[in-house]
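Peer 1: Now for the letters of each chain:
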Amino acid sequence: GDSVTQMEGPVTLSEEAFLTINCTYTATGYPSLFWYVQYPGEGLQLLLKATKADDKGSNKGFEATYRKETTSFHLEKGSVQVSDSAVYFCALSDTGGGNKLTFGTGTQLKVEL
Amino acid sequence: GAVVSQHPSRVICKSGTSVKIECRSLDFQATTMFWYRQFPKQSLMLMATSNEGSKATYEQGVEKDKFLINHASLTLSTLTVTSAHPEDSSFYICSARDQIAGAITDTQYFGPGTRLTVL
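From first to last, the protein sequence lines are chains A and B. Number 527 marks the last residue of the first sequence (our numbering); no jumps. Number 310 marks the last residue of the second sequence (our numbering); no jumps.
Some clues are possibly wrong.
[Stated by the list, open to error] Sample of chain B residues facing chain A (criterion: CB under 10 Å; computed from the structure):
| id | residue |
| --- | --- |
| 1 | HIS198 |
| 2 | PRO199 |
| 3 | GLN220 |
| 4 | PHE225 |
| 5 | ARG228 |
| 6 | GLY244 |
| 7 | SER245 |
| 8 | TYR249 |
| 9 | GLU250 |
| 10 | THR271 |
| 11 | TYR300 |
| 12 | PHE301 |
| 13 | THR308 |
| 14 | LEU310 |
Hints listed in this document are in silico derivations from the structure and should not be mistaken for laboratory results. For clarity, every value in this text was computed on a predicted model and none was experimentally measured. The beta-carbon is built from N, C-alpha and C at its ideal position, and this holds for glycine as well.
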């Protein structure tokens, strides 16, 4: 079945550091890929998405490129801020699976001054 | 756009009582909504898929008689936890699928979640 694997956290960075959160996936069809962010005590917010190979999703300085050859969708940001501290979830939606979302386990990011 | 609300945000109830959680899509119509459960520091677990005008589809291991789902309109789905027990305490999150005709994929937008505590 479909699955998403994320790097374990927590990831602790200093403000303005470069961020990479790795995400790889396994899917039987041609999935769409998503990154969601969850701030403490809140629900999930869509951060970015990519629907086909080589697409790059971007939002608020975050980027991720859909790499079919490596089945990856790594999240990057050039300069993190304290306000980026949250839990980040990688997810896929496989059209063959009724568009259900399959989530990774989440990676907690802590950004310190 | 694409805002999903949940009500209540927090609820505390006594063991044996029932609790209803509402999920609304505020600025779009959603024929499909999803209900998730999240345990502390864990990922989201899909409980069921709620389809407007028809019965919900439950994931394996989820008791449909305990977690009643009603999707009576294109903007509202409800989850009722019946005869709640302390082990039902959790963070419940709904999402609504914004279906755009002709789009390659639909996007799910999530509500802010409901923290249920059963005493």
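Peer 1: So which hints don't hold here, by number, going up?
Peer 2: Hints 1, 2, 3, 5, 6, 7, 8, 10, 13 and 14 are the ones this structure does not satisfy, whereas the remaining hints hold.
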